[in-house]
Each structure stands twice: as C-alpha cells, then as structure tokens.
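We have chain F already, so just place chains Z and G on it with the hints.
Read off the chains here:
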Amino acid sequence: MAISIRAMTVAYQRKPVLWEVNLDIPTGTLVGLVGPNGAGKSTLLKAILGMVPTVSGTVALFGQEYRKVRSRVAYVPQRSSVDWDFPATVRDVVTMGTYGSAGWFWPLSKRDRNRAHEAMEQVGILDLASRPINQLSGGQQQRAFLARALAQQADLFLMDEPFAAVDAATEHAIVECLRTLQKSGKTILVVHHDLHTVPEYFDYLVLLNVRTVAVGPMAETFTDENLRRTYGGRLTILDEVSEAIRRREATRP
Amino acid sequence: MIATMIATIIFATMMDSIATIFTAWFGFDYNTRVVLAGTALLGCAGGAIGVLLLLRKRALIGDAIAHATLPGLAISFLIATGLQWDGKSLWILLPGAAATGLLGAMTVIAIRTFSPIKEDAAMGIVLSVFFGAGIAMMRIIQQIPEGYAAGLEGFIYGKTASMRFQDAWLIGVCGAIIVALLVLFRRQIELLCFDESLARTQGWPVTLVDIGLMAATTTIVIVGLQAVGMILIIAMLIIPAAAARFWTWRFWPTLATSSVIGCVGASIGAMASTMAEKVPSGAAIVIVLVVLFSLSAIFGRRNGIAWRLARRFRQRHETDGQHLLRSIYEWLEFQGKKPQDFGQTRSASFQLSELEFVRNWSPSRLARTARRFERIGLMVQVGRMHWALTASGIQQCVRAIRQHRLLELYFAEIANLSPEAIDRGADYSEHALDDQMLAELERDIAGASNAYEVPESIHPIGSREPQVAQVGAQLGTDHGKFPKANQE
Amino acid sequence: MIATIQMDFWLDGWIIVTAILASVSAAILGNFLVLRRLSLLSDAISHSVLPGLAAAYLITANRYSWTALIGAIVVGLITVWLTEMIGQYGRVDEGASTGIVFTGLFAVGLVMIVQAADRVDLDPNCVLFGDIELSPLDSIETFIGLVPRATIVLTVCCIVNALFVVLWFRPLRTATFDPQLASSLGLSPRSLHYALATLVAVTSVCSFEAVGNVLVVTMFIVPPTIAFLLVNRLPAMIVVSAIVALLAAVLGHISAVAVPELFGYKSTSTAAMISVVSGGFLAMAILFNLKTGVVVQALRRSQLAWSILSQDLLALLFRDSERGQPPRAIADISKTLLSRPWVTAMALRGLVWQGYIKREESSNQAGAPAGNGLVRYELSSVGRRKAQNLIRSHRLWEQYLATTAGAQLDRVHAQAETLEHFTNPALRQQLDSETQQPQSDPHGKAIPPEDSGKI
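Here the protein sequences line up with chains F, Z and G, keeping their order. Position one of the first sequence corresponds to residue 229 (the numbering used here), numbered consecutively onward. Position one of the second sequence corresponds to residue 601 (the numbering used here), numbered consecutively onward. Position one of the third sequence corresponds to residue 83 (the numbering used here), numbered consecutively onward.
Next comes chain F alone, as it looks inside the complex (with noise of 0.2 Å):
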C-alpha cells in the first residue's frame, strides 16, 4: 500500500474539517480525490505531510511513517501558494526538486542537472528553461511545478488541483505524463475538482466530504449514488445530464 490512513481526524476550531478518514491507495495507480469544496481535499494532502496538526490518526506511507520515507513522496501545492514574482528562472524552480538528495550545501553533481533536464523534457517545458517564471502562464506555471516533482524522483506524488485553470493542451499534457508515471511503478494522487474528466483520467478514486465517501477502483466507486452521498444528494442539472451521456458513450460499441 502506498497510502494507509486509518481514522484521521483534523478539526480547526471544534470544526471538523476532516473525520474519521480510512484510506487505502495500492501501489501505482492513478487516483482522483474528489469532493465539494471544503471537503477537506487539501487538508488531507498536508495532513498526510504532516503539515497540519491532527486531533488523531495515523498515516503509513509504503508502510513507513512519512520521516522515514520523506525522500520518496514529492508534493506539488496549488499555484496560488508561491509568488510568482519571485526572481528565478524556471530551471532554478525544477532544480529546487533535487535539493532534496543533492544536499543544501554541496555544489550540484551533473546527475542532479542532468534530473532537472530531463524532468523539464518531459513535460514540455525545456525550451522555457531559462525564462523567469514572472513571465510564464497559468498552464507553463503548472507544468514547472510538475517537472520540479518529477526531478525528485520520488515514487509518490501528491498533487494538489493540477488542472485548475489551465489550458486544454496542458491539461492533456500533464494528464498524459501521469500516466506515463503510473505505468511506470508510481504512485500518484491528485485532488481534481472537474467530475467530468474524472472518470477519464483516473483509475481509482476517492470521494471525500469531511469524511470519505467512498474509495476504490473508478469504476466500482463513481456510481450515482456515492456521488449523491459525497455531493449532498444534489447533482446539478448539468452534472446529471453530462452523467447520462457519459453513461449511453460507454455503452455503444
């Protein structure tokens, strides 16, 4: 099991803003946590970090608690968390994943360069790689913070709304280098905010509402009656219907 989560509990304030959570991700899937807003998505991406403090819980990360395994999980926030004023260039950002084995304080080896390379290759962006990242776009900005993941080279990644407000052809890009991750032996999940393409890009999935809804391969668990159960019991119109093609698609030959 990459992730085991068993009975987490975060509460700001009295208010519990993540209960009970029991959580199993095998081993090189694709997952998709979903959940309205203020479900707790984020919270439990940091409370799986050990960012954020816990009423109770534990988490095992490939078995191990997340000190031990730190050099192996790699996280990528929501855009918003940095400013992206900042002076560097976007290969200064996507070297910033490496520090992690190169050191703080030793000079970089040519393998660590040559992650940071690759990483940025792989995405998409290595012509890109000495612009200030002041000047790049939403979905450029999105793929830096992917190849930075990537240059940890770490075996679980955890993502944190990749696909907010980015373009089409980003969106499948990124989506597109995920899988090549998965097929590779990675972990990978991914808080996704658009129902729409979930049962598209994800094989397994989460639904979380404060508490977990459901969790399981995508096509067990992303049924009508969980999502009415995570949701509230009101899909909206436009969900339902887009639910209903997506159902009559699937079933032509």
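Careful: at least some of the hints might be erroneous.
Claimed, not checked - Which residues of chain Z face chain G? A few of them, derived with a C-beta cut under 8 Å, are:
#	residue
1	Ile-839
2	Arg-845
3	Ala-883
4	Arg-911
What the hints assert, rightly or not - Computed spacing ranges between beta-carbons, pair by pair:
#	chain 1	residue 1	chain 2	residue 2	range
5	G	Phe-251	F	Ala-392	30 to 38 Å
6	Z	Gly-943	F	Thr-286	44 to 52 Å
7	Z	His-917	F	Thr-286	28 to 36 Å
8	Z	Arg-911	G	Ser-147	42 to 50 Å
9	Z	Leu-798	G	Ala-198	36 to 44 Å
10	Z	Asn-631	G	Leu-228	49 to 57 Å
11	F	Thr-286	Z	Arg-916	25 to 33 Å
Hint data in this document are derived by calculation from the structure and do not stem from the laboratory. Positions of the beta carbon are idealized from the N, C-alpha and C atoms, including for glycine.
Just chains Z and G now, kept in the frame of chain F:
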C-alpha cells in the same frame, strides 16, 4: 469564585489610581490641565480611528504617514523663517506636515500601482526615505540660529511640556471633530466596515470612505505629533484598538472601548511624563498603553487568557462529570439495575472502582469529581465504598446517557461512520450540543412516542471493544426507530 | 567642484568605508525580507533592539560589547515570537501585532536612554540617524593603522551576513519561494525565519552607530527593491543590491558634505543622505527599468503606436493608388486613421525622411502662390514594397480567418487590421499555404504577391 476575587482586586486598584489621578489633576496648573485634556481627547479619537484601520487592515500605513511628516515640518519651518514668519507656529508647521504625510500615502499607492513592488516594501520605502529627507533637512535647520531653539525634535519623540495652550486647543478640537464625524456617519461606517461588497452594490462610495479614513488618520497623526512624536504615534492608533478586541467583538462597543482605553492611556501617560523628570511623553503614553493592552490580553472578557483558561477548566469539569455519569449508568445497566428517572429516589449502589470508563482516571481526579457530585447533591455515600445516585443525580444521569446514545445513532445512521469511530465522534461532539440541537436530534431519530426513553447502546455494554459483527447486525435492524429497550 | 568640497581624506575615507559596510550588510539580508514580504520586520526589529542596546550601554558603557550583541539576538527573537503570539491570540493581523511589539519596546528603550542621558553618552538623536561622522574618533590600533571601531565591527558583520547568505543560499531560496516545498524536503522554514531575524537584529546593533536605528531600515529595503526591479535571478539580485548599497553609501556621504555647502551650510547627516540618495535611485529604477519601468513602457507603447501609424499610412497610400483616388489632405487622412493631424503630419515627415514616401507639392490653380496648393504624397519604390507586403498580410489574414479559423465575415477586417502589423514573411508564407495560395480576400480584393525586394 477566584475570578470574583481577582476582579475585585483589579477594580480596587483602578479606583485607587483614578483617585490618585484626580487628586493630581487638581494639583496641576491650568495650562497643564488643558494640555492633558487635549491629549486625552487625542487618545479618544486615536483609539476610535484605530479600530477602523484595523478592520480595514491598514494599520501600518499610519506609520508611513507619520514618518513622512518630517520633511513637511522642516520645509514649512524653512519657508516660514525665510519669510520672517514664526516658524514654530503650529498653524504653519502642521499644514506642511499634513502635505508631506498625504504625499507619502499617495506615494505608497503610486509605487504599488506603477511597479511590481509589494505593499509592505512600499510602506517601508516611503517611511524611511521621507524620514531620511526630513532628518537631512533638520540637521541643516539646527545650524540656523532660529532653528536651534525650534525644538523640532519634539515632534519626533513628543514633548507635551512644550505644548502651548493654542496647540492643545487645536488637538482637542480636531479630536472632537473626528469623534463627532464618527458618530454622525455611524451607519455608513458600520456598513462599509462589515460588508464592503454590499455597500458597493448599494452605491456607497467605498473609495471615498477609504480616503476619508486616510485623511482622519493623517489628522490624528499631525495633531498627535506634539504629544507622542511621529515614531510612536502609530501606537496610539493600533494599541487601544487591539486591546479592545479582547473585550468585545461587536462594532460599536469595540469603538467605544478602544476610545476609552486610548483616552485613559494617553492621560495617564501624559501625566506621568509631566510629573516625572526626563520621561518623554510619547514613550510614557506608549508604555501605559502597552500595559493596558497586556491587562486586556489577560483579563479581557472576550478572549483574555485568564478567561480562556477558566473556560477550559470549566469544560473539563463538565466533561468529567458527564463521563462519570455515563459510566455509572452503563455499569448499573449492565447489572440490570438501570436508574429510572421517573420516581426513583435512590439508585442502586455501586463502587467507584467498578466503573469501567473512568478506570484510567487518576484516583485524585475520580475522587475530586465524586466529591463535587456529592457537594451538589447528585450522589450520596451509602456505605464505606459504596455510592448511589440521588433523584436529581438520576435525572442528570439519564439525560447525559440519552444525549450520548442519540448522537451515536446519528453518526451511525446519517453520517455513516464505522462503529469504532462512533463512540469517539459522540465523545467529541456531545459537549458541543445544546438543547436546541438535542431537540432536533430527537425529532429526527426518536419520534415522539419514545421521547423519554434511553435508546439502547450501539455497543455491547461491559466491554469497550465493540465487536464488529454484532454491531453490524444491530445496525441492520429498524433504521429510524428505537429498538425496544430490554427491561429487566 | 570636487576641489571646493572640504573633505579630509582620512576622515571621510573611513566614514565612507563604514557607511558602505553598514549599507551592504543590511542590503544582503534585506533581499530575503523583501521577497518574503517581511520588509516591515526590519523596521520592527531595528526599533525593538533599542532597549537591549540601552541596557548593554548602561552596563558596559561601551557601544560595542558582547552584551550588546547578545541583547540584540535575544531581542530579535523576542520580537518575532511576541509578534506571532499576539497575532495568534489577539486575532489581529500581522501588521498590527508588529506595531504593538516594536512601539512598546522602542518606548522602553527611549525611556532608558533619556533617563540615563547624563550618566551615559547616548543621545536620542543618535538613535535616529547615528553619528557616523564621529566614528573615526573612536579608533583602535590595528596592523594597518588606526581603524575606527565601528568599521571593524561592521566588517565582521558584513562578512557574517555574506557567509550566511552564500552558505545557506539554497535553503533560503527554497524557503522564501515555497515554504511548503521546503518543509516537505526536510527544512524548517521557521528556524530560517528566526535565524534571519537574529541576523537582522545583529546588523541593526552593529549599524547603530553608523546609521542609527531608524535609517538602517532604508538599507534593508531599498537596495533589494531596486535590484528586484532590475534583474530576474536571485544571485544577481543579491549582488546588484550590494552594489546599489555601495553606491548609495558613497554618493550619500559625498552629497551630505557637498549639497549643504552649496547653500552655505555645514554638512548634514550622512545616514540621512544615504537614505535620500537610495530613494532617488529607486525612483529612477521605477521609471526606467527595462522590465516594468514606467517611462520605458510609455516609450515602448508610443513607439509601437508610431510604427503602426506609419504602416497604416503606407497602406492607405497604397490603397488610394489601387483605387485611383486623388491625393488627400492631412485632415482627411487623420480622420480615416483615427489620429490627430499633427501626429499624422509628423509621421508623414518621418516616412519621408526614411525614404518610404515622396513629398510633392502641386498647385491646382495657375498663378496661386506656392505652398497654397495640395501636398501630394507618393510611395517610393521601397515604400511601395513595404506597403504591398502589408496589404498582402492583411488580406491573407482575412482569408485565413474567414475560411480556416471560421471567423465571421464582418469581423475579419478588424482582426486583420491588428494582426497585419505583426506578420513577417515567414508567417505570410504559412498563411499562404494554409489557405492554399488564394488570389483574393473574402471581400474580393486581389491579394498582391510577395515583394521581397529582389530584382
């Protein structure tokens, strides 16, 4: 009890200080009294405006404005002296100070608008560069014969002693006008501070009020330069407002509290500065304000540390009491001697050591809670080691257990939690339940007919390790209806 | 002019060196404060160290002592800690809690200084702007001769700051840019925060004599801000901030001596003038920096507008000659191109000067005095070529938009109007092939062939 004692002591001290102040007041000459009155009014207005600044999150722009006044003072002085006017007159100095102060505020905005420089850096830049320009000019002024006696440094650190009557009068008038304006436009201000978007859609000119706020801040800064000095005037705006937040969170009471704190702080500080030697008035006022702030932080009714600790204590007591009651019930229920809350005057007896739930409590904690129950009449000792619940004890007990079990049912049925989680969840939330929520819960789950019965527990009693299979079977039956309670 | 300034080489030399060291030490650290939006922390800490300094001074009667240093460190940490506490428990925002802490501590320090003023030679003015001018008077004998104590202290401080920034560069950069990444990589951004605050306090104490508490804030904030505007990478930013600080220090001292003399006064405070000079540098940077400078952007915009207008003029003349229209008056041209007559006239003159058009005066009335007739503009061969390619771009775009991009027919003209100015030959080639070498645009007008100027 202890809280009352502390409150009495504080009150007495305050009364004592106020008495001292009053006696000292009449020992002062007329001029000093006027100066003090002016300063007090300044503190009042400063406190009020400070609340608005805090709410609009513009606290430190006052600092930038204050430091930016220095070049204005210097330039006015130089021009006036050059024209053979009285360079020291406030009527000349203050407009100059106001001009550069406002220029400073506008520069901050301009820097933010025309460059990628962030707001905090912009304020720091304006603050230090304008101040530097002022200092450079001041050193030149000091070389002028008139300049040396001008005492312009008084504006930097505050020097109420050199305040003249007209100056104090000016301060008082400005302060009074600002307070009057606040009272006059109270509806608009309230709306704008609370719900800016609503105000905008209703057509209120939000930017105009922001400008007005800046103007009022500048005025306070200008007139306060004499009393407190430009380095510390920001304290008079921020500290009373921050202190007031420990007492209340409603808008007008905050404003009022802040004014009072500002007024008291300013008066005491100014007085201390006058009475003691070599104490700059600005520093004195700020120190007094910080003391008042600390007192508010500790004893403030709303958020003060003392009250928070007291609340936590009380909560712990309550929680402990609830847990004890519940474990008594469950123990008796397990034995088949459930306490009935209609008619029973004395429950079956039990030993404290038999109670499971509280098994991991320390003996002193158990004894303390038991004694408390005895004191308030919920339990009586019926043997050397045996206790029993009284009638009122039974009532409380049944209430507590019903609440807990209702919550457990709620979590099981509606929130769909695992059995292990239910008890933890109920523990966590039941103390947050109030009567209204309880009634709703009962309505949702219980149904009217069984309103007074205690539902059966979801777990098997007598062992805290719930067997999953058993619980699953129990949950499978009769959703929404009470399982019939097993009578003995 | 330099000769008339009264400067003593030894005295002023040391003052300048000290000023440089103070400015550069602060500027180096300031980079990280500015980038983390903690500029006002430098303000807060430099005010808060006053009581510690005063206490140390009262105890040891010496401005530079280990007591002062330790006091500074302690106070720096307390300031940060208190600010966090008050912000958390008082539910006030960071600016407000900073304000409470530093004004309180500063007030205490002030009282201490004033109370002990007769016992101790520490003047409140010194607090504000230091008295670097007197620093050479307190010198100690070293292996290179008499060196002011302040200079020695500041040299050490500068070296320490530089070492900190260089050795901890990666942690600092990561923690400043993305604290979450930093902590997930095993760093503690909080410890770095406290370390930075400590060094800020130490620098404030060391610069106390040179620039005083209030003006050291300028050095923490302004040179890094200038560097931020000028360069795009952090190492460069740090170096540039140091250089700017150095220049400001030198120029500051010189102007502190020179400028008052112009008006017949003796010199003014060096620290204050360093502040003013750096403010001046900043103003210039805001206006003229190549990335975002106000003046630079305005110039670029008007240059672009000018070039577009010129191109439009050429295109207009081309179309006129296509349709066989008579020459137009400037007023008429201006109205068509939506510009002002005088701007049009200037653009025409520019085009004439560049050789794209020829200016001909023709009187249409026999006997009328010269200068009263219509002025006619005609495209030169070079101009004709340029205009032709422009029209080609325009019509190719119209064709592309209408057929391949599916734009509405009544909108293609307006869109092509914009796009034509940014189309080079390669792009025209692409458009041509995308639309299968069209002969005419959607409005039926012939698309002129590419004129590359080759005979």
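Hints and how they fare:
| no. | hint | verdict |
| --- | --- | --- |
| 1 | Ile-839 | 6 Å, holds |
| 2 | Arg-845 | 6 Å, holds |
| 3 | Ala-883 | 4 Å, holds |
| 4 | Arg-911 | 14 Å, violated |
| 5 | Phe-251(G) <-> Ala-392(F): 30 to 38 Å | 32 Å, holds |
| 6 | Gly-943(Z) <-> Thr-286(F): 44 to 52 Å | 48 Å, holds |
| 7 | His-917(Z) <-> Thr-286(F): 28 to 36 Å | 31 Å, holds |
| 8 | Arg-911(Z) <-> Ser-147(G): 42 to 50 Å | 47 Å, holds |
| 9 | Leu-798(Z) <-> Ala-198(G): 36 to 44 Å | 55 Å, violated |
| 10 | Asn-631(Z) <-> Leu-228(G): 49 to 57 Å | 53 Å, holds |
| 11 | Thr-286(F) <-> Arg-916(Z): 25 to 33 Å | 26 Å, holds |
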